[in-house]
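K.L.:
Whole structure, please, built from the sequences with the hints as guidance.
Note that our numbering has the sequence shown beginning at 21, numbered continuously upward.
Derived from the structure by calculation, the hints contain no laboratory data.
All values derive from a computational prediction rather than experimental measurement.
Accuracy of the hints is not assured; some may be wrong.
[What the hints assert, rightly or not] Simulated crosslink set (DSSO-like; lysine-lysine; CA at most 27 angstroms straight-line):
| hint | residue 1 | residue 2 |
| --- | --- | --- |
| 1 | K108 | K71 |
| 2 | K41 | K111 |
| 3 | K123 | K48 |
| 4 | K48 | K71 |
| 5 | K66 | K48 |
| 6 | K25 | K108 |
| 7 | K75 | K48 |
| 8 | K115 | K46 |
| 9 | K79 | K57 |
| 10 | K79 | K41 |
| 11 | K66 | K79 |
| 12 | K33 | K71 |
| 13 | K115 | K48 |
| 14 | K114 | K30 |
| 15 | K46 | K71 |
| 16 | K57 | K71 |
| 17 | K66 | K25 |
| 18 | K25 | K75 |
| 19 | K48 | K108 |
| 20 | K111 | K66 |
| 21 | K25 | K79 |
| 22 | K123 | K106 |
[As the list claims (entries may be wrong)] Computed beta-carbon distance windows for the label pairs:
| hint | residue 1 | residue 2 | range |
| --- | --- | --- | --- |
| 23 | T27 | K57 | 31 to 37 angstroms |
| 24 | K111 | K46 | 39 to 45 angstroms |
| 25 | L83 | Y39 | 16 to 22 angstroms |
| 26 | N45 | L132 | 17 to 23 angstroms |
| 27 | T112 | L132 | 26 to 32 angstroms |
| 28 | Q37 | D125 | 17 to 23 angstroms |
| 29 | K48 | D26 | 30 to 36 angstroms |
| 30 | F110 | K46 | 39 to 45 angstroms |
The beta carbon of each residue, even a glycine, is placed where N, CA and C say it ideally should be.
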Amino acid sequence: MNLIKDTWNKEDKDLFQTYLKSFENKEKQEWSRNLIKTELPVLAIKYPIMKEIIKEISKGNYLEFLDLMIWEYYENTAINGFLITKIKDFKTMKKYLDIYSKKADNWATCDLLSFNVKRKRRGIF
Numbered sequence: 021m022n023l024i025k026d027t028w029n030k031e032d033k034d035l036f037q038t039y040l041k042s043f044e045n046k047e048k049q050e051w052s053r054n055l056i057k058t059e060l061p062v063l064a065i066k067y068p069i070m071k072e073i074i075k076e077i078s079k080g081n082y083l084e085f086l087d088l089m090i091w092e093y094y095e096n097t098a099i100n101g102f103l104i105t106k107i108k109d110f111k112t113m114k115k116y117l118d119i120y121s122k123k124a125d126n127w128a129t130c131d132l133l134s135f136n137v138k139r140k141r142r143g144i145f
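P.N.:
Dropping the structure here:
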């Protein structure tokens with residue numbers, strides 16, 4: 021699937037979910053769910069695959085991808101979280117982070133967030 025897109029639409033949402041499910045690791049699902057402690061279904065996709073998916077999406081219009089509001093699986097939440105950390109504009113980041121904070125239900129989705137707070141932004145908090 022081409023993940024570098026200028027425009028994401030509802031049809032892409034379904035295609036993306038099918039694509040993501042193609043990496044499902046049924047043998048590791050229960051172990052992953054127990055480790056992560058999430059209420060969401062877990063596909064147990066290996067991290068290098070997730071990293072590559074995130075990298076490809078971020079080369080395109082990843083804000084439009086975030087606007088699709090895909091939260092079905094733990095992996096969707098993780099992908100959204102990693103993409104949110106790439107947003108440079110603070111107000112835009114905060115908008116998506118507010119939504120994300122209501123969806124993140126476990127330590128892993130909190131732990132993956134990493135922000136580069138520059139000196140000039142410190143007064144915003």
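K.L.:
Checking one constraint from the list: CA of K25 to CA of K75, max 27 angstroms. Satisfied?
P.N.:
holds, 12 angstroms
K.L.:
Holds or violated: K25 with K79, Cα cutoff 27 angstroms?
P.N.:
holds, 8 angstroms
K.L.:
Hinted pair, alpha-carbon criterion (27 angstroms max): K79, K57. Please report holds or violated.
P.N.:
violated, 31 angstroms
K.L.:
Okay, L83 versus Y39 on CB: inside 16 to 22 angstroms?
P.N.:
holds, 20 angstroms
K.L.:
Need the status of pair K115, K48: alpha-carbon distance at most 27 angstroms?
P.N.:
violated, 33 angstroms
K.L.:
Would you check the hint for K66 and K79, treating anything up to 27 angstroms between C-alpha atoms as holding?
P.N.:
holds, 21 angstroms
K.L.:
Given the hint that K79 pairs with K41, does the C-alpha gap stay at or below 27 angstroms?
P.N.:
holds, 22 angstroms
K.L.:
Given the hint of 39 to 45 angstroms, is the C-beta distance from F110 to K46 inside that range or not?
P.N.:
holds, 40 angstroms
K.L.:
For a C-alpha distance cap of 27 angstroms, please report whether K41 and K111 respect it.
P.N.:
Violated. K41 to K111 sits at ~32 angstroms, over the 27 angstroms cutoff.
K.L.:
Compare the distance between the alpha carbons of K25 and K108 with 27 angstroms, and conclude whether the hinted pair is satisfied.
P.N.:
With Cα atoms ~19 angstroms apart, K25 and K108 stay inside 27 angstroms; holds.
K.L.:
Given the proposed pairing of K75 with K48, does the C-alpha separation stay at or below 27 angstroms?
P.N.:
At roughly 24 angstroms apart (the allowed maximum being 27 angstroms), K48 and K75 satisfy the hint.
K.L.:
With the threshold set at 27 angstroms, check whether the alpha-carbon distance from K123 to K106 stays at or below it.
P.N.:
holds, 18 angstroms
Against the hints set out earlier in the document, violations occur for numbers 2, 8, 9, 13, 19, 20 and 27.
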